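There are 2 protein chains.
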Amino acid sequence: MNGLLVALCQDGGKHLYEQIYGYIKEEIRKGRLRFGERLPSTRSLSEFLQVSRSTVELAYGQLLSEGYIEARPYRGYFVCQVEELFDLADWGTAVKSGAPFRETGRESGAADGERNAGERRKEPGETAGSPYVCDFSPDGIDMTVFPYATWKKITKDILVDANSEMFSSGSPKGDYALRETIARYLHSSRGVNCRPEQVIIGAGNDYILMLLEKILGRHVEVAMENPTYRKAYRIFESFAYPISAVEMDGFGMSVEGLRKTAAKVAYVMPSHQYPMGVVMPIGRRMELLKWAGEQEGRYVIEDDYDSEFRFKGKPIPSLQASDRLGKVIYTGTFSKSIAPAIRIGYMVLPLPLLRVYEERCRIYSTTVSRIDQRILNEFIAGGHFERHLNRMRKVYREKHDLMVNGCRGMGRNFALSGENAGLHLLLRDKRGRSEKLLVERAVKAGVRVYGLSEFCMDGVAPKQEGGTVVLGYAALDKGQIRTGLELLEKVWA
Amino acid sequence: MNGLLVALCQDGGKHLYEQIYGYIKEEIRKGRLRFGERLPSTRSLSEFLQVSRSTVELAYGQLLSEGYIEARPYRGYFVCQVEELFDLADWGTAVKSGAPFRETGRESGAADGERNAGERRKEPGETAGSPYVCDFSPDGIDMTVFPYATWKKITKDILVDANSEMFSSGSPKGDYALRETIARYLHSSRGVNCRPEQVIIGAGNDYILMLLEKILGRHVEVAMENPTYRKAYRIFESFAYPISAVEMDGFGMSVEGLRKTAAKVAYVMPSHQYPMGVVMPIGRRMELLKWAGEQEGRYVIEDDYDSEFRFKGKPIPSLQASDRLGKVIYTGTFSKSIAPAIRIGYMVLPLPLLRVYEERCRIYSTTVSRIDQRILNEFIAGGHFERHLNRMRKVYREKHDLMVNGCRGMGRNFALSGENAGLHLLLRDKRGRSEKLLVERAVKAGVRVYGLSEFCMDGVAPKQEGGTVVLGYAALDKGQIRTGLELLEKVWA
Numbered sequence: 001m002n003g004l005l006v007a008l009c010q011d012g013g014k015h016l017y018e019q020i021y022g023y024i025k026e027e028i029r030k031g032r033l034r035f036g037e038r039l040p041s042t043r044s045l046s047e048f049l050q051v052s053r054s055t056v057e058l059a060y061g062q063l064l065s066e067g068y069i070e071a072r073p074y075r076g077y078f079v080c081q082v083e084e085l086f087d088l089a090d091w092g093t094a095v096k097s098g099a100p101f102r103e104t105g106r107e108s109g110a111a112d113g114e115r116n117a118g119e120r121r122k123e124p125g126e127t128a129g130s131p132y133v134c135d136f137s138p139d140g141i142d143m144t145v146f147p148y149a150t151w152k153k154i155t156k157d158i159l160v161d162a163n164s165e166m167f168s169s170g171s172p173k174g175d176y177a178l179r180e181t182i183a184r185y186l187h188s189s190r191g192v193n194c195r196p197e198q199v200i201i202g203a204g205n206d207y208i209l210m211l212l213e214k215i216l217g218r219h220v221e222v223a224m225e226n227p228t229y230r231k232a233y234r235i236f237e238s239f240a241y242p243i244s245a246v247e248m249d250g251f252g253m254s255v256e257g258l259r260k261t262a263a264k265v266a267y268v269m270p271s272h273q274y275p276m277g278v279v280m281p282i283g284r285r286m287e288l289l290k291w292a293g294e295q296e297g298r299y300v301i302e303d304d305y306d307s308e309f310r311f312k313g314k315p316i317p318s319l320q321a322s323d324r325l326g327k328v329i330y331t332g333t334f335s336k337s338i339a340p341a342i343r344i345g346y347m348v349l350p351l352p353l354l355r356v357y358e359e360r361c362r363i364y365s366t367t368v369s370r371i372d373q374r375i376l377n378e379f380i381a382g383g384h385f386e387r388h389l390n391r392m393r394k395v396y397r398e399k400h401d402l403m404v405n406g407c408r409g410m411g412r413n414f415a416l417s418g419e420n421a422g423l424h425l426l427l428r429d430k431r432g433r434s435e436k437l438l439v440e441r442a443v444k445a446g447v448r449v450y451g452l453s454e455f456c457m458d459g460v461a462p463k464q465e466g467g468t469v470v471l472g473y474a475a476l477d478k479g480q481i482r483t484g485l486e487l488l489e490k491v492w493a
Numbered sequence: 001m002n003g004l005l006v007a008l009c010q011d012g013g014k015h016l017y018e019q020i021y022g023y024i025k026e027e028i029r030k031g032r033l034r035f036g037e038r039l040p041s042t043r044s045l046s047e048f049l050q051v052s053r054s055t056v057e058l059a060y061g062q063l064l065s066e067g068y069i070e071a072r073p074y075r076g077y078f079v080c081q082v083e084e085l086f087d088l089a090d091w092g093t094a095v096k097s098g099a100p101f102r103e104t105g106r107e108s109g110a111a112d113g114e115r116n117a118g119e120r121r122k123e124p125g126e127t128a129g130s131p132y133v134c135d136f137s138p139d140g141i142d143m144t145v146f147p148y149a150t151w152k153k154i155t156k157d158i159l160v161d162a163n164s165e166m167f168s169s170g171s172p173k174g175d176y177a178l179r180e181t182i183a184r185y186l187h188s189s190r191g192v193n194c195r196p197e198q199v200i201i202g203a204g205n206d207y208i209l210m211l212l213e214k215i216l217g218r219h220v221e222v223a224m225e226n227p228t229y230r231k232a233y234r235i236f237e238s239f240a241y242p243i244s245a246v247e248m249d250g251f252g253m254s255v256e257g258l259r260k261t262a263a264k265v266a267y268v269m270p271s272h273q274y275p276m277g278v279v280m281p282i283g284r285r286m287e288l289l290k291w292a293g294e295q296e297g298r299y300v301i302e303d304d305y306d307s308e309f310r311f312k313g314k315p316i317p318s319l320q321a322s323d324r325l326g327k328v329i330y331t332g333t334f335s336k337s338i339a340p341a342i343r344i345g346y347m348v349l350p351l352p353l354l355r356v357y358e359e360r361c362r363i364y365s366t367t368v369s370r371i372d373q374r375i376l377n378e379f380i381a382g383g384h385f386e387r388h389l390n391r392m393r394k395v396y397r398e399k400h401d402l403m404v405n406g407c408r409g410m411g412r413n414f415a416l417s418g419e420n421a422g423l424h425l426l427l428r429d430k431r432g433r434s435e436k437l438l439v440e441r442a443v444k445a446g447v448r449v450y451g452l453s454e455f456c457m458d459g460v461a462p463k464q465e466g467g468t469v470v471l472g473y474a475a476l477d478k479g480q481i482r483t484g485l486e487l488l489e490k491v492w493a
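Residue numbers (the working numbering), protein chains in the order written: chain A, 1 to 493; chain B, 1 to 493.
Worth double-checking, as some hints may not be accurate.
[Said to hold, decoys possible] Listed below are the simulated EDC-like cross-link pairs for lysine to aspartate or glutamate, each with C-alpha atoms no more than 16 Å apart in a straight line: (1) K478(A) with E213(A); (2) K394(A) with D142(A); (3) K399(B) with E386(B); (4) K152(A) with E465(B); (5) K463(B) with E237(B); (6) K153(A) with E419(B); (7) K214(A) with E296(B); (8) K214(B) with D142(A); (9) K214(B) with E486(A); (10) K156(A) with D157(B); (11) K478(A) with D401(A); (12) K399(A) with E486(A); (13) K214(B) with E237(B); (14) K260(B) with E247(B); (15) K214(A) with E213(B); (16) K264(A) with E221(A); (17) K399(A) with D142(A); (18) K153(B) with D157(A); (19) K260(A) with E247(A); (20) K152(B) with D157(A); (21) K156(B) with E247(A); (22) K436(B) with E465(B).
In case anyone wonders, no lab produced these hints; they're calculated from the structure.
All values reported here derive from a predicted model rather than from experimental measurement.
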């Protein structure tokens, strides 16, 4: 690690932990640190580098999250096997090049709304409030801190210049200015490599998938993890796409399992699997990209729905950032990061599919109002989005900490997971009680929690000892969280 | 016609011409005036009723437009054959029941934007102005009189009450309040019979068709007139729907021709065929509905894209108004009547298809921002839409008259058609010169006109003596229209 010391001395402009992380990652990528090799302990490295131990821990934590190293209990940190290493230089550049959200250390990318157990729970037209004292819905976001005043001001300013140009129909892909802004944002915050030409704006995630159907064609076999985002599952089903459920381990979709299917397209959420919260490590990512690269027509849909809200370490780069073969279709929306009501989502098409889009889909007019596109563009380009995200992260982190601490009180009986990112977490009953029992007891106490089976393709949760429930907290206030957890602790005691 | 005199005396609340029209229509519908029977001449009827002759002419004109009667040169007016008479009572009620636009006498319904020769002529992202001195594009609308101030004020007022409810995701079909408003508007202005539950709001006509694909299913053979709205043609093509071109006569799609195809769905524009401007008379409408009623699974898509802008007589009722069997899918947008940029369209589903929608499509989130839905709802419900339409009708009527008078100057050499409604008209060269020659000569003079072949499925105009060109005028100012027509007269002399 002498090289690291030299590097640290030279590269003063970065957070220390980032430099350590970057150095070790490079060493692994270049093969100078090999599979199975043991890293120095955090204590010895911190002493050697004369930095605090927590700095080294932060760096190791990030390497762990991204799958470069693994921790073996009582033995220390070891280099993981990384299937194949593509050149990640661009992502490195992106992080360096003044990424707007860099300072927080928890920055991230695109989001999606309407994640919910199964699909929409509300009937059309229904807007009645929840009948529960506390509804731990993984759906919903906190709109109380939405910058209404800013939004109004931007809207007003834009309408002041209102002209006929703005009220005319625009490009089918969306306004170039907004696509440019989104491309820049995704590059700096998520490492996504794309030109604005590759960005297609559409009215929400569902519409984006409908467009994708037109691009991919019919009878495309799709592989999905199980449990998964059931709404996407239902939408693929509505396309009459054959769907294969692929088993999932602690690293996400099993590529071995994927190979047993005839799937052409794998649908994954590498930054934060929904609902399991798994972060796909670099090794698995490379395996997945390798799978896609082996046959023409294979693609990976990366649904990057809530990666803005990561509460530990640096953001996980997008899978698209590692894609050199044009195999990743990157999708995201502003539903979770701004508001579900604005109905703006996007996808980034790899070049081969962009050509198909140009051929088949330019006929479809844009589905997003031009005025709304302008407002959003100004909201992002004017720095309001960044400020909003930072505020939201703070709000969500407080709720998150409250949740984690509250759940720790139940720690004897429940295993907590998926808590490092996103806006929900999972509790598994260590005493083997069923999901059904947990949900029913909670409902009796006026608390709605969501059984894992509600996220499963066939409505049956994967076999495991003890039921698992999903608890979302974004839309709850702190009082509700406290009350809800207290009630749960009581009825689940 | 003694009954008419009695009726006139009793029913003082209506325009005289409307009473005459209504009375004769009833007589025909009830079979008291039979097929082939001759009506009194306008002069004798006006003398008999002691009303001005122009009042009777107006009434006869409306009956002509709707296909109840026909004019035979030098012989007078005769009752047409009406295939089958459904009960139109509801439409009558709608017209009576204080329709908000009744007073103008030219009121009408839903509109669509982006009608253009072929499809979009602009490349994505391209916003450069036209290279022509005058571009008679049938696309585009006049945005100079758009009530920006009102729109801004509504937006501002709505954002003042901005709350989290409004920023949450709404019903997949669209907000109930807006669907109610649209249902009411369509009923009063277009005679459309529907409950708000049948109205589905979506981001523009193309998206509505994409939803319709999900409802109708795959490999649905569609029949279209030729020439037609080529964008819809291209969209059906993108669904891989087999498309049959059905010949058209002066009454619209030939139902005899339709019967020769295997089509399940007929796509028509009964109020104003695009681009030919033909109004489908009541007899043909009944034939079409009869065709649909003969087999389960047959439907008629009524694209009611620009019926707001009719310059003679009362509005033509929608085909949906005559549908008693649940066979008509009514579609429209606000692109032409408000602005293409707002991206709000809708369809009214007949009950059998509504059930299919509920089954298959509730999964798709709405594509229209809730804020925009509120703004539009307030714009219509607050009476601003009515005022705007009336203003637009005045503006378009002036341009229309300028066009018609200007074209009459070329009357010796050109036959004018399609001029009673909509925002374009057609000129056919009586001297047999080709479309190509006309377009090329115009372009040389810096004037863009659109050959009829650009609207044809195979790009070949139907055989007729002399080429036909389409001239739109909505987006042009009066000076441009004058200049353009002068130039055309010169180069086409």
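Consistency of the hints with the structure:
{"no.": "1", "hint": "K478(A) with E213(A)", "result": "violated, 41 Å"}
{"no.": "2", "hint": "K394(A) with D142(A)", "result": "holds, 12 Å"}
{"no.": "3", "hint": "K399(B) with E386(B)", "result": "violated, 20 Å"}
{"no.": "4", "hint": "K152(A) with E465(B)", "result": "violated, 58 Å"}
{"no.": "5", "hint": "K463(B) with E237(B)", "result": "violated, 24 Å"}
{"no.": "6", "hint": "K153(A) with E419(B)", "result": "violated, 45 Å"}
{"no.": "7", "hint": "K214(A) with E296(B)", "result": "violated, 28 Å"}
{"no.": "8", "hint": "K214(B) with D142(A)", "result": "violated, 33 Å"}
{"no.": "9", "hint": "K214(B) with E486(A)", "result": "violated, 46 Å"}
{"no.": "10", "hint": "K156(A) with D157(B)", "result": "holds, 11 Å"}
{"no.": "11", "hint": "K478(A) with D401(A)", "result": "holds, 10 Å"}
{"no.": "12", "hint": "K399(A) with E486(A)", "result": "holds, 15 Å"}
{"no.": "13", "hint": "K214(B) with E237(B)", "result": "holds, 15 Å"}
{"no.": "14", "hint": "K260(B) with E247(B)", "result": "holds, 11 Å"}
{"no.": "15", "hint": "K214(A) with E213(B)", "result": "holds, 12 Å"}
{"no.": "16", "hint": "K264(A) with E221(A)", "result": "holds, 6 Å"}
{"no.": "17", "hint": "K399(A) with D142(A)", "result": "holds, 11 Å"}
{"no.": "18", "hint": "K153(B) with D157(A)", "result": "holds, 12 Å"}
{"no.": "19", "hint": "K260(A) with E247(A)", "result": "holds, 11 Å"}
{"no.": "20", "hint": "K152(B) with D157(A)", "result": "holds, 10 Å"}
{"no.": "21", "hint": "K156(B) with E247(A)", "result": "violated, 50 Å"}
{"no.": "22", "hint": "K436(B) with E465(B)", "result": "holds, 13 Å"}
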